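Using the sequences provided together with the hints, build the complete structure.
Okay, here's what each chain looks like letter by letter:
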Amino acid sequence: MKQLSRRHFLQMAGLTAGAAVLAGCPAPVAPSAPAAEGGAAPAAAGQVLEAWSRMTELAAESTKEIIELYNEQNEIGATVEFVYIAETQGSQADEKLLTAVAGGSPPPLYYADRFTVPQFAHQGFFSDITAQAEAAGVTSDQYFDFAWNEATYKGGVYALPLDTDTRALWYNKEIFEEVGLDPEAPPTTTDELRTITEALTVRNASGAITRYGINPLYDQAWLYTWGFAFRGEFQDPETKRITFAHPNNIAAMEFIKVFVEEIGVEDVDAMLAACSGGGCDGPNDYFWTGQAAMVCSGDWKVAQQKRYKPDTAYGVVPMPGPDGPAPHASWAGGWSWCIPQGWDDVATAFDALYFLCGPVGQEKYNKDTYHIPTVKSVAEDPYFSEDPLHAVFMDLLPVSHSRPPIPFGSKLWDLQVRAFRDEIPHGLKTPEQALTDIDNEINRDLEEAGFFD
Amino acid sequence: MTTKAASIRPSGARMKPRTRNTINGLLFASPWLLGLAAFWIYPTIASAYYSFTKFNGVQAPVWVGLANYIKLFTDDSNFWDAVYNTFYFAAVSIPLAIILAFALALMLNAKIRGQVVYRTIYFLPTLVPEVALALVWVYMFTPVSGIINAPFQYFGHRGPCWLTCEAWSRQTLVLLALWIIGQQVILYLAGLQDVPQDLYDAADVDGANPLHKFRHVTVPIVTPVIFFHLVTSVIGALQFFAIPYIMTGGTGFPANSTLFYSIYMYKQGFQYFQMGLASAMAWLLFVVTLIVTLVIFRTSRLWVFYSGGEQG
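Chains Y and V are the protein sequences, given in the same order.
Residue numbers for the first sequence follow our numbering, beginning at 1 and rising by one.
Residue numbers for the second sequence follow our numbering, beginning at 1001 and rising by one.
Since the hints were derived computationally from the structure, they do not count as laboratory data.
No experiment lies behind these values; they were computed from the predicted model shown.
What you were told as hints is all true, and nothing was included just to trick you.
Think about it this way: if two alpha-carbon atoms lie no more than 25 Å apart in a straight line, the pair counts; the simulated SDA-like pairs of lysine to any residue are:
#1 Y:K96 / V:W1040
#2 Y:K257 / V:P1160
#3 Y:K96 / V:A1060
#4 Y:K96 / V:T1044
#5 Y:K429 / V:W1168
#6 V:K1071 / Y:Q433
#7 Y:K96 / V:L1135
#8 V:K1016 / V:L1033
The structure is reproduced here in structure tokens:
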């Protein structure tokens, strides 16, 4: 009897282990919902939809409130749950999403940097939601063109735009006054920027900078920003080829090389190193701590200023260019929500997606975080121009550029960061070499992917 | 006892005890066997296949033959940077770690007051998770505001630029890797305590001085520990990932000097979605690690002494 029990025990144990392994295996990736299903009524009652996002602080708080609203108001009985996803710093890729989609258990909603949408669509990570968008009456003319274009790939809609942003020069008026500069006369040309930077910079006995005039490689001062300031172009509108080695981009990077040398490469690097790993996020930003007098940044800083430094006087003006103010240095980025490939009930997920990225969600999110709506009618709300600092960013929107929407957005981003923060300032390559290398590598990848066909 | 009882049970008479034992044994081991098959053997074989394909992890792989391997060897400067950095790290950090861990163990083996306290102190850093250490190091090693350079700044010098310049970045990572050798120190301590006192006594009788005793008694007896440390360090160094990845975000800055092999492999697979290329890199790493380890094993006959009388 005893022996029999043991055998039964073993059989049961084996069965249980087998069942557990089988249960642990997710279902294989399902093909995307066919277009015809787009209008089908969602069968959502009781469904919990995870919304994966890297948002923190203000953005996360606002999104959670929007989700609460959705959970109260939606008529299909679905519940959305905000899930924070840590992502690799600086990278625009998401390892967690890749493994979730590959493993066949993707989240229903995913918050994506919009310029990477064509890439993720090309790689088969996002579902085509064209049919759902059409069924819900969502049309491209509701959104700003550049934002809509970034959310589409080869004619299909793969995400709905949420917000956008523009870039300008922030400066601390109190530090300007402290060093005897006119707080109402910020730099308008790159030459003035160099002079004023020197005046604002403070060094300690060892010569190391303790207060930066500006760090021209920090925050939103990217290769794109300086390239656009010098009227460079990054993609040929006709051939769609990448053109980082545009003569004006080369001129911009030659300026950066000289400017960084004037400030001190070691000091510029030291600040970037201190900020790696999120060391300068939120209130620890060198600009809020007063360790930097100027910074190239975006509209979202308006909300941060109200939270972290409401009593300090700041100004915002367009970035300085070689011949005068360069509002065209601004480029509009922004984020979107999408439905990863393999999530079966696309219709239900889209219902929540459209709440987040439609007029209701956009109005609240963009007001809370001081971003700019991508739904045109919402952007017309006078609220967005009431704050004088935010008004500058609103004015920049019509002249802002956008980054080339290509299926290798992450790689291109990494390559330009490397050229801009490493190869060019450290003299590893000349600006022309570094930029030409980017073109060659990305255009080759695009050719292989049939992007130009 | 149980086995014997099972063998006389009538209902089991058709099955030989040996067979039944085997089946029972396999059943007991089955959770582990299933895990091994599902999470180790299958991925290993699959990655070998993927290394010959173009595969992004989601879409169906496309067979490309040796293209991934050829690309790595002929058309990817990052690959060679990563190989160089990894071998540099291994070549510099492993000898230093062996010498330092051995030296610390010798000191901690000294019969002095507070011996246990010292041992605890040297082991403590090992208890801190690597990621937490790496994040704290980012603050500590920041050239201007970091605490490490504060004394330099006090005397009007900038101090080393640590991870922010190519001249120092690789050495900084070697230095940091040496911070967590507490585990190895414990192994050497155990080895040292295995050295029989009568060997030292015999050496004394022969008129050996402390240096002779160290060279001809202590070191030979501890060689199996050195051998173990060397093999595990080589494997660990070739897979060096967490510390540089956390500290630099995997960018490889400055000048690709912190781009290690595992980081580049990870970036290819999970950030650029080149899972086929990453699989090829993984297999190259496996083969190289295997060769280096085999060479160490082969040469161990010449220098590893087992006190039982056998060599190698």
